[in-house]
Structures are given as structure tokens and as C-alpha cells.
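Once you have looked at the hints, place chain S on chain F.
Listed in order, the protein sequences are those of chains F and S. Each step along the first sequence adds one to the number in this note's numbering, with nothing skipped, and position 148 is 148. Each step along the second sequence adds one to the number in this note's numbering, with nothing skipped, and position 191 is 191.
If you are wondering where the hints come from, they were derived from the structure by calculation, not from laboratory data. Some clues are possibly wrong.
[As the list claims (entries may be wrong)] Label-pair distances were calculated between CB atoms; the ranges are:
| hint | chain 1 | residue 1 | chain 2 | residue 2 | range |
| --- | --- | --- | --- | --- | --- |
| 1 | F | Q414 | S | F99 | 29 to 37 angstroms |
| 2 | S | T135 | F | Q261 | 42 to 50 angstroms |
| 3 | S | F174 | F | L151 | 48 to 56 angstroms |
[As the list claims (entries may be wrong)] With a straight-line cut-off of 20 angstroms between C-alpha atoms, the simulated SDA-like cross-links for lysine to any residue are:
| hint | chain 1 | residue 1 | chain 2 | residue 2 |
| --- | --- | --- | --- | --- |
| 4 | S | K151 | S | I17 |
| 5 | F | K208 | S | T283 |
| 6 | S | K242 | F | R359 |
| 7 | F | K218 | S | T309 |
| 8 | S | K287 | S | N160 |
| 9 | S | K108 | F | R311 |
[To be verified] Pulled from the structure, derived: some chain S residues nowhere near chain F, Cβ distances all over 12 angstroms:
| hint | residue |
| --- | --- |
| 10 | I2 |
| 11 | N6 |
| 12 | G73 |
| 13 | F84 |
| 14 | F146 |
| 15 | M148 |
| 16 | L159 |
| 17 | L165 |
| 18 | E203 |
| 19 | K291 |
| 20 | I293 |
Even for Gly, the Cβ is constructed at its ideal location relative to N, Cα and C.
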Amino acid sequence: MRFDKYEWIAISIMVSLFILVGFIQGWSVSLVILNMCIISAIMTMGVNISWGYAGVINFGVMGFLAMGGLAAVLVSYPPVKEAWHVGGSGLGISFVLLIALVTTVYFITKLVEKKSHQYWLNGLVIFFGLIIIRYFFLNATDRIEEVDPALAGFLGGANLPIIFSWVVGGFFAGGVAFVIGKVALGLRSDYLAIVTLGISEIVVSVLKHEEWLSRGVKNVIGLKRPVPYEINLQVSDWFITMVTWFNSSKLNQIIDPDQKQQILNNLIIDSSSLFVKLNYAILFFTVMIVIYYFANKAQISPWGRMMRAIRDNEVSANAMGKDIVKQHLIIFVIGAAIVGVAGAMLVTLDGLFTPSGYRPLRFTFIIWIMVIVGGSGNNLGAIFGGFVIWFSWIEVAPITTFLINLFTSGLDQQNAIRLHLLDSVPYFRYLLMGMVLLLILRYRPKGIIPEKVRHS
Amino acid sequence: MIDFINAIVVLLNFVIIPGLTYGSQLALGALGVTFVYAILRFANFAHGELMSFGAMITILFTWFFQSQNIGLGILPTALLALPFGILATIVLGLLSDKFVFKYYRTQKSVPVVLAMVSIGVMFVVNAIIRIIVGTQTIKFSDGQKFIMKAKQFKVMTGLNEGLALKFSQVITIFITIALLTFTFWFLQKTKTGKSMRAFSDNEDLALLSGINPDRVVFITWLIVGTLACVAGTLYGLDKSYKPIIYLNLVLPIFASAIVGGIGSPFGAVVGGYVIAFSEIMVTYAYKKFFKYIMPESLEPSSLVQLLSTDYKFAVSFTILVIVLLIRPSGIFRGKVL
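Chain F on its own, in the form it takes in the complex:
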């Protein structure tokens, strides 16, 4: 991959921003922001693949992220045996019945010729089928939710290392995207935007309220980590040796052994938390690079060229014999799957799953701003958008506080306007995001790093 001048500037801006924050606000803060930036960049790449490559709009980001989060829970949490014991059979029966229902509907659609008969028959079958399934299902879920509600009350997961969930999350989100795509992809783009937005709300509300599956609004906490815990690090010899070695020049200047031990202990505590964050950063960065590599490969492959052809002129691509519906579905699913991976990583980083935290403003629209700002159709642009927007999302608050203090410095300390403004500092980030989006759309509609069109 060769980068041109703009791209080198973008990369060096990103790197220097983190170094700057590292020196001003501390390396811990810098790493926290970096981790979220990487996850945002992956989400942005997911959206960019469907929107930038093929022009398929996906406003369901929030739902796919939530599916990824669910995967993290279901993969890593230890199974709640008692819950399986009391509710497993009921759930099994309702699942089998559901499959039976779907096959019946499928056959009715196939075998009954007349459309109106089809609708009536299907309606009847679905209505009564659902009533029967509901009976088994509610019985089972009620029992599951009664199992130790304070600690469990759900089925639990598979007790595997959480890192597997990054793949599983992709599959979950891709599966949901497949269903959504089958239903909605024929729609016009602005309808599709609204429908995907709505379906993502449905996904989140299911996760919020189906407690047997995800514990709902009671949240799942204490998920396993793919990296060591700080407390374990602080007592392991190799880590202490490493910290001592890194800080040897500083430590050697201190003669008093008690004081030396004291400083070493503080250093170990600080660097253990740094080390954990760094580990996360390395893991996330690897995933990002892998996805970036394949996304770029795909873009310049014949398949990517076909996608671009479909995006730029659907009619002529269709005339060339490309199956537009199928390709749209494929790219929608791939994009959603990448978003799902990011969702699982997000939950891994937080160590907890809070379904009520998924809000469209934060998890759908901000991601879209990242895509538009970075440059749709360019993967590095997507990464850059993710980094820059998340970075400003975090750093707007301190900067705004500083600016407000600066501009109101002539006013009294207890001035009502000044206090009100300082209270509303968190909301200035929405203002900034809106302004950035509007300005970019107006003056640089292709984004900061525009798509490179290769004519080869």
C-alpha cells in the first residue's frame, strides 16, 4: 500500500495528536482515547464498506454493535447451569416450533397460488403459531429469570475466551444484517435509512427487555478479559523486573531503600494499568490492520471494481449482467459484520454489557459523521475519520471549558450566564459535530481523504 502526500499528513497528524495528549494529559488518558479511536475506526470501516464501496446506506450501526456486544456476553460468560436446567427444554420446544412455523409459512408461500389466499393463510398460521410458541416460551423465560435474579437470571454463555467473541460478534451482526437486507434492501435509499434505523432500535429493545438472553437492563458486568489483570501483574516477578529495568536510571538516583521501594511500588501500580491499556491497544490495532488490509485488497479486486460500477451506475451494471440485489446484500452483510466485530471489542474493552447504553445519536449518527468526514470510499479516510472525530468528541469538553473561561474572564465568577455555560459544556460536542458535518458536506463533500479512483 502506497500512501500519497495527504495520507502521510493524515497519519502523522493522528500520531502526533496522541503524543501531544500523552505529554499534556498523561499517557493513560492518551491510551484510553486511542483504544476507543481504534474501535471507532473499525466501525467506520464497516460502514464505509457498504456506503463507500457500494452506496448501500446502513443506519443500523447501533443494532449491529449491540449484536456484537451480545456475542461477547454469550461467548465469555460462564453458563448458568440451573437456568438451563429449568428453562432449557421450554426454550428448545419453542425454538423447534418456531422452525416448524417458518417452514409452514415457506411452503404456503410456495404452494398456494393466489396472493390474497397466501396472505390470509399465512396470517392465520403465524397468529396461532405465535400464540402456541408464546405459551412455551414465556413459561421457560419466566423460570429462567427467576433463577437467582440478583446475580444471574439469564442463560449465561459458553465460558470461552472473550477474544473468540470478536469473530462470533461478526457472525451475529452479519446474520441479523442478512435478515434485514433480505427484507429491506429493495427499498429506495432514504427509506432504507429509516428502516435500518428502526430495525436497529428493535434489536436494542429486544436486548433490553429479553432478560433471559442478555440480562436486559440489569446489565452484565465482570466479563473476562483477553489481557492480564492489573492486580495479577503487580505481584508477578517478570513485570516488577521489567518496571525496575525501565526506570533504573531514575531509581538509581535514590539512595534511601525505603523511599526507593515506595517509588517502585507507585511505578508498578501506574505501569500495570498502562500495560493493560497498551495490551488492548496492540490487540485492537492488529485487528484494525487486518481489516484494513483485506478491505483494501477487496476494494482494488475485480469484485471491488464491480461494486463501484454498481454504485456509480446501477442500470448499466445490471445490463452487464451483475446481480445487483445479491451484491448489495453481500456488501451490507460484510459491512454489518465488521461493525459487529467492533461491537464485541467495545464490550471487551469495557468489560460490561449495558443494553440501555446503545443510543442512536452516539452509536449511529456519530459513526456516520466519521465516515463522511474521513472520506467515504477510502479506508484510510475511514480510519482517519474515526480517529479525528472520536478524538474531538473527547477533547472538546476541556477545550470548551478553557474557551468559556477565556471569553467570560471579564465577568464575575458567579455570573449566571458563565455558570450556565460551564454546566452545558458536554453539549458543545454535539454542536461541534453538527458544524463539522455541515461544513464538510458543503466544502469538501468527498471527505478529508477522498476516494482514489484507479483507472486500471
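Frame of chain F, contents of chain S only:
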């Protein structure tokens, strides 16, 4: 017989009156979305924030009037402040058009870009609202709360079930009827209304016949601002004002507009009621209702609720998806104003 009347009263109290109120609010909102869609030709994601902004200005004026001891007696003071809110909302709409949307209209951008732009506007307006009033819940309805309390109704009729009627509900329904009548009269009978319909039907032809597009756009924002502010204020009066809620309200509003047939004002109104009633009817527990109409031996033991109220929101979208699958252009074939 008395049981039957009781059952009807239960339905009226818990399904029909709340449904009519909520439906009216959705219908007004959906009508605004439809106007933008039919004439400016994009899906306006900022509409919820427009509603919220109108409600906020109304609240600010309500506070001002309250501090000056100006009121309407038993009616909420907000009605007095509403014209100011409407004015401010119209100004906001016109400003957003002048500084943002107009550029893309003259560029003839594709609808998706305009939708994206409206998201930018949504963020900005959202931030302005939060910076001015914060995010807390504001109750601003004053005056008398109930026209008729459940107890009064019971004493009056001697029935078992009560029927409560809130002022906000009656106000909502009456204002909606007035506003809808006016809008439809305007579209059908006046010259300006006809020119708007022509513009929405075929822009080029309308321009050829000498219709001034700037005027049409101006009138559109007048109507949209009015509808948005009234819808937002009525929603705030009925429930309570919370800036975050309006973002969630955008989705049912879009659902109403699409279900009715986007671009068709009549469809938007019908869609609003369809969505409101289905949300309430699907999530209402009918136990009490069946208790009255069923013989004692058949009385249901469970709640007889199709879906738990948690899924209220999901219902509107399920309907949207079903309608789009079976009849993609909506109940009333949309497209033309």
C-alpha cells in the same frame, strides 16, 4: 348490558382517548415531514429537533408569562405562548433553509445527501436546545389538569369504571382538528396551496407555468414550522418536555408518514393514527376488558397482552416493515401532495 358499557368505558379510557391524543401528535409531526418530503424532496431527520425547539421556546415564554402573572385561567398558559414558539420555529426553519438546505437544492443533490445534511442540522439544533435548557424533564402545563376525573365520572354515571379526561388531551384533539382542516383547505382551495401541489407533482412543469419556487419554499417552511411547533408543544403538554424524547419520536413520525404513503398529507394523518393505535392496542393488557364482556367461567387469568409495553416502540417499526413489504407506496399511494 351494564357490563358492556363498563367494558366500553375501559377501552375509551385506556385505549381510545390516549390513542387519539398520541395519534394527533404523530399526525401533526408526520404532516410536517410529509411537506418537507413532497416539496423539498428529502427525509428531514431534523424534524424532531424542530418540534423540540418549538416546544422549548414555548416553555420559555410560558415561564415569562407565569412570572408576569399572565395566564388563561383553567387553560394552560402554554397556549398563550404558542404563537411565539411558532414564530421562532418558522424562523429556525427558514434560517436552516437559507444557510444549509438551499445550497443543496440549487445543486440538485441526491436525496441521501440532503438527509445527511439534515442530520447535521439535527445535531446543531439538538446542541442549541441542550445548551439553553439542559436535558432535564420540564413540566410546564398549568391551569386545571382534568376536565373530568375518573371519580366524578363514576359518581355521575354510577358505573364501575371511571373515565378521566385531561385538558391536554382535549386541547390536543381540538387543535389538531383545527390545524388539519386549515391545512387541507389551504392546499385544496387557495391559489398558493394549488401552486404548492403543482410544485410537488412536477417541479419543471410548475416552474414553466410561472410558479415562484422561492415563494413555495417559504410557504412550506411556514407550514412546517407551525406544524412542528404545535406538535412538539402538544406532546410536551400531554407527557412532559424532555429534549431527548424528540429524537426517539422522529422514528414513529417517519413510520407514520411512510405507512400513510409518503408525500400524501392525508396519508400522513391516517398513518399517525394507525401507528398510535397499533402501538397502544398491541401493548394494552385487555384483562379488565374481557372481564366485563366474557361470562364469568371464561374470564382470562393472564393479562391478555399481546406484547409487553417495553416493545411499544418496536410495534411501529414492525408495521412499517410489513407495509413496505406488502404495499411499498403506503396505504394511500404517496408521491403527490
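Going down the list of hints, with the structure as the test:
Between Q414 of chain F and F99 of chain S the C-beta distance comes to about 36 angstroms, which sits within the given range of 29 to 37 angstroms. Distance hint check for T135 of chain S and Q261 of chain F: the Cβ-Cβ separation is about 49 angstroms, which falls inside the suggested range of 42 to 50 angstroms. Checking the proposed 48 to 56 angstroms range against F174 of chain S and L151 of chain F shows it holds: the Cβ atoms sit about 53 angstroms from each other. Simply put, K151 of chain S and I17 of chain S have alpha-carbon atoms about 17 angstroms apart, close enough for the 20 angstroms limit, and the pair holds.
Of the supplied pair hints, the one linking K208 of chain F and T283 of chain S holds, its CA atoms being roughly 17 angstroms apart against a limit of 20 angstroms. This hinted pair checks out: K242 of chain S and R359 of chain F have alpha carbons roughly 16 angstroms apart, not beyond 20 angstroms. Our distance criterion of 20 angstroms between C-alpha atoms is met by K218 of chain F and T309 of chain S, whose separation comes to about 18 angstroms. Pair hint K287 of chain S plus N160 of chain S holds up; C-alpha atoms about 15 angstroms apart against a cutoff of 20 angstroms.
For the given pair, K108 of chain S sits about 18 angstroms from R311 of chain F by alpha-carbon distance, which is consistent with the 20 angstroms threshold. I2 of chain S, annotated as away from the interface, keeps every beta carbon of chain F farther than 12 angstroms; the closest lies near 31 angstroms. With a closest Cβ-Cβ approach of about 27 angstroms to chain F, N6 of chain S is found to remain outside the 12 angstroms limit, as its non-interface label requires. For G73 of chain S, the requirement that its beta carbon stay farther than 12 angstroms from each beta carbon of chain F is met, with the minimum near 32 angstroms.
No beta-carbon of chain F comes within 12 angstroms of the beta-carbon of F84 of chain S; the shortest separation is about 21 angstroms. For F146 of chain S, the shortest C-beta to C-beta distance to chain F comes to about 32 angstroms, beyond the 12 angstroms cut-off, and the non-interface label holds. Every CB of chain F lies more than 12 angstroms from the CB of M148 of chain S, the least distance being 35 angstroms, so the non-interface label holds. With a least beta-carbon separation of about 32 angstroms from chain F, L159 of chain S lies farther than 12 angstroms from that chain, consistent with its non-interface assignment.
Look at L165 of chain S: its CB is around 31 angstroms from the nearest CB on chain F, clear of 12 angstroms, so calling it non-interface holds up. Under the 12 angstroms C-beta cut-off, the non-interface status given to E203 of chain S relative to chain F holds; the minimum distance is some 18 angstroms. With a minimum CB-CB distance of about 20 angstroms to chain F, K291 of chain S clears the 12 angstroms threshold, and the non-interface call stands. Once the 12 angstroms rule is applied to beta carbons, I293 of chain S is consistent with being away from chain F; the minimum gap is 20 angstroms.
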